[in-house]
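K.L.:
With these hints in hand, go ahead and build the complete structure from the sequences.
Chains A and B supply the protein sequences, listed in that same order. According to our numbering, the first sequence holds residues 1 to 285 in order. According to our numbering, the second sequence holds residues 1001 to 1136 in order.
Quick caveat, the hints were computed from the structure, so don't treat them as lab data. Some hints could be false.
[To be verified] Straight-line Cα separation of at most 27 Å, DSS-like style, residue types lysine-lysine; simulated pairs:
#1 A:Lys40 to B:Lys1016
#2 A:Lys187 to A:Lys74
#3 A:Lys40 to B:Lys1076
#4 B:Lys1094 to A:Lys138
#5 B:Lys1016 to A:Lys138
#6 A:Lys124 to A:Lys159
#7 A:Lys15 to A:Lys252
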Amino acid sequence: MPTLRQLRDRVKSLKNTQQITRAMKMVAGARIRRAELAMKAARPYATAIGEMNRELASSGGGSHPLLTERSSDKRAILLMTADKGLCGAFNSNLVRAALQVASQSSSPSSLYLVGIKGRIQLRKTQHPVAQAWPLQGKPFVELAAEIAGAVTGDFLAGKVDQVTLVSSRFVSTIVQRPTPLQLLPIKRDPDAPAKSASTNSFEFEPDPGAVLAALLPKYVEFTIFQALLETQASEFAAKLLAMSNATDNAGKLIDDLTLVMNKTRQAAITKEILEIVGGAEALKG
Amino acid sequence: MPATFALAVITPAEVKFEGTAEIVIAPGAAGDIGALANHAPMLTTLRIGVLRATVEGARRIEYAINAGFMQVLPDKVLVLTDLALSSSEIDVEKTRAELRTAEESLAGKRGADDIAEREAVTWANAKLEAAHRPGV
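P.N.:
Here it is in structure tokens:
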């Protein structure tokens, strides 16, 4: 049986922990909202660049190294995780999804890692790390450009033949799903051209090839940008949930311990009263 | 009232402008391109430069844009760019300083691989132009 003082110290320290987790929960909640707004703001661009890509595909602007499938399988995985933990199984789920993609090929995949946690968790695997970036510290537009430049460069140089992007899809505040997506070579929607039959009359300036050559790298860059936004929003959502659970659990522990503490104190008081009464009885006698 | 079309200027971070316009003049890859309503469908790349448009209410808008794409349809023009800055968003003093550093590093390069430096100079000039403050 712990002493009264020990119990009191436990409760005090739990209350401190609870304060911290509650603060982290509120911070995550506020950040989700901002991250969600940023995601929403990026949507019109996504629609527009997708539309342009389709116009190009349907008007015969069709061949570019970034679109060409290659037979050999030097695979690479671009994995996005968070920089920090304290967000439940968020990072582990992403790493597991990446390893699952990697297991589809017999040879090791080279890894491009965004976010510090992924780098730490994958340090001891057979897969070589080609390049790594922290998630925070740079505006996402610049970070996306840098990542896209590195990955596209290696792809064009023939160092890798296929790049799969593994990132978290923000379904809702409650559901975030690690999702693999083939980043390179760029896959085009096969039935897309049928939708816009009138587009054969499009004029291209300077010419379809040049527009394609300018558009495709942007498309890759933007896909990465969007994945960064979604992964970050997912991280905040996972953190909100984890911290809200931690706060609740701390509360339960505090309640339990307070009950034990009160019982112990009451037992001590009862004992003292008994002693006094006993003493008084003895004196009377 | 001349015929109008829908104009949208979109960056990854936000929709910069959305509304109806009478004319748009964009820095196309092969020279400035003007588009009125009922223009033939066209898809073009854009240089770093200044995008101008006359929009509803005979208001004129100008953005310094950091390259991108423009899709023209008879009733719709879509401009996609990484960055679009209006004059109120441009810090003239800072941009002048940027221009000076960019010009100095360009002069230091002497030909060879100076694409990044040239772009920096063009970008600074475009920003100053959009802010109605020509170079130093």
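K.L.:
Are the hints correct? Go through all of them and say.
P.N.:
Checked hints:
no.	hint	in the structure
1	A:Lys40 to B:Lys1016	holds, 14 Å
2	A:Lys187 to A:Lys74	holds, 17 Å
3	A:Lys40 to B:Lys1076	holds, 22 Å
4	B:Lys1094 to A:Lys138	holds, 21 Å
5	B:Lys1016 to A:Lys138	holds, 22 Å
6	A:Lys124 to A:Lys159	holds, 22 Å
7	A:Lys15 to A:Lys252	holds, 11 Å
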